[in-house]
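Asker: Sequence:
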Amino acid sequence: MFVAGTAKQYLAHFTVDGREVTEVTPLLDRGQRLRDVTMSPVSGHLYVAVDADEAPIYRIAPSE
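Each residue of the sequence shown is one higher than the one before, counting from 1 in full-length UniProt numbering.
Worth flagging that the hints you see were computed from the coordinates, not collected in a lab.
Built from N, CA and C at the ideal position, the CB exists for glycine as well.
Some clues are possibly wrong.
Said to hold, decoys possible - Derived DEER-like restraints, expressed as beta-carbon distance ranges:
| id | residue 1 | residue 2 | range |
| --- | --- | --- | --- |
| 1 | 20 | 56 | 32 to 38 angstroms |
| 2 | 23 | 47 | 33 to 39 angstroms |
| 3 | 62 | 22 | 17 to 23 angstroms |
| 4 | 17 | 54 | 36 to 42 angstroms |
| 5 | 53 | 16 | 30 to 36 angstroms |
| 6 | 19 | 52 | 32 to 38 angstroms |
| 7 | 19 | 53 | 37 to 43 angstroms |
| 8 | 40 | 17 | 22 to 28 angstroms |
| 9 | 22 | 52 | 30 to 36 angstroms |
Just need the whole structure built from these sequences, with the hints factored in.
Answerer: Shown next, in the form of structure tokens:
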């Protein structure tokens, strides 16, 4: 599960086993308010929306 934290300004991958988080991996920490994250079902890229006027949308490629 990928989570974009608006208040904490980070993107992380959470590994969940049932109802328990077993691992948290930080992926992006740029000091920006991250509004939303979604993953392309075709390419596996993550798209991250930033909460600001004229802000970029980050595309993060999966590792190979």
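Asker: Between residue 23 and residue 47, does the beta-carbon spacing fit 33 to 39 angstroms?
Answerer: The hinted range 33 to 39 angstroms is violated for residue 23 and residue 47, with Cβ atoms some 23 angstroms apart.
Asker: How does the Cβ-Cβ distance of residue 17 and residue 54 compare with 36 to 42 angstroms: does it lie in that range?
Answerer: holds (40 angstroms)
Asker: For the range 37 to 43 angstroms, tell me whether the beta carbons of residue 19 and residue 53 fit it or not.
Answerer: holds (38 angstroms)
Asker: Holds or violated: 30 to 36 angstroms for the Cβ distance of residue 53 and residue 16?
Answerer: holds (34 angstroms)
Asker: Please test the hint of 32 to 38 angstroms on the beta carbon pair from residue 20 and residue 56.
Answerer: Check passed, 34 angstroms falls within 32 to 38 angstroms.
Asker: That 22 to 28 angstroms hint for residue 40 and residue 17 (C-beta), does it hold up?
Answerer: Taking Cβ atoms as reference, residue 40 and residue 17 lie about 25 angstroms apart, which means the hint holds.
Asker: A range of 30 to 36 angstroms was offered for this pair. Does it hold for the Cβ distance of residue 22 and residue 52?
Answerer: holds (33 angstroms)
Asker: Check the following: the C-beta atoms of residue 19 and residue 52 are separated by a distance inside 32 to 38 angstroms.
Answerer: Cβ of residue 19 to Cβ of residue 52: about 34 angstroms, so the range 32 to 38 angstroms holds.
Asker: Does 17 to 23 angstroms hold as the CB distance between residue 62 and residue 22, or does it fail?
Answerer: For residue 62 and residue 22 the Cβ distance comes to about 20 angstroms; the hint holds.
Going down the numbered hints, you'll see the structure goes against just number 2.
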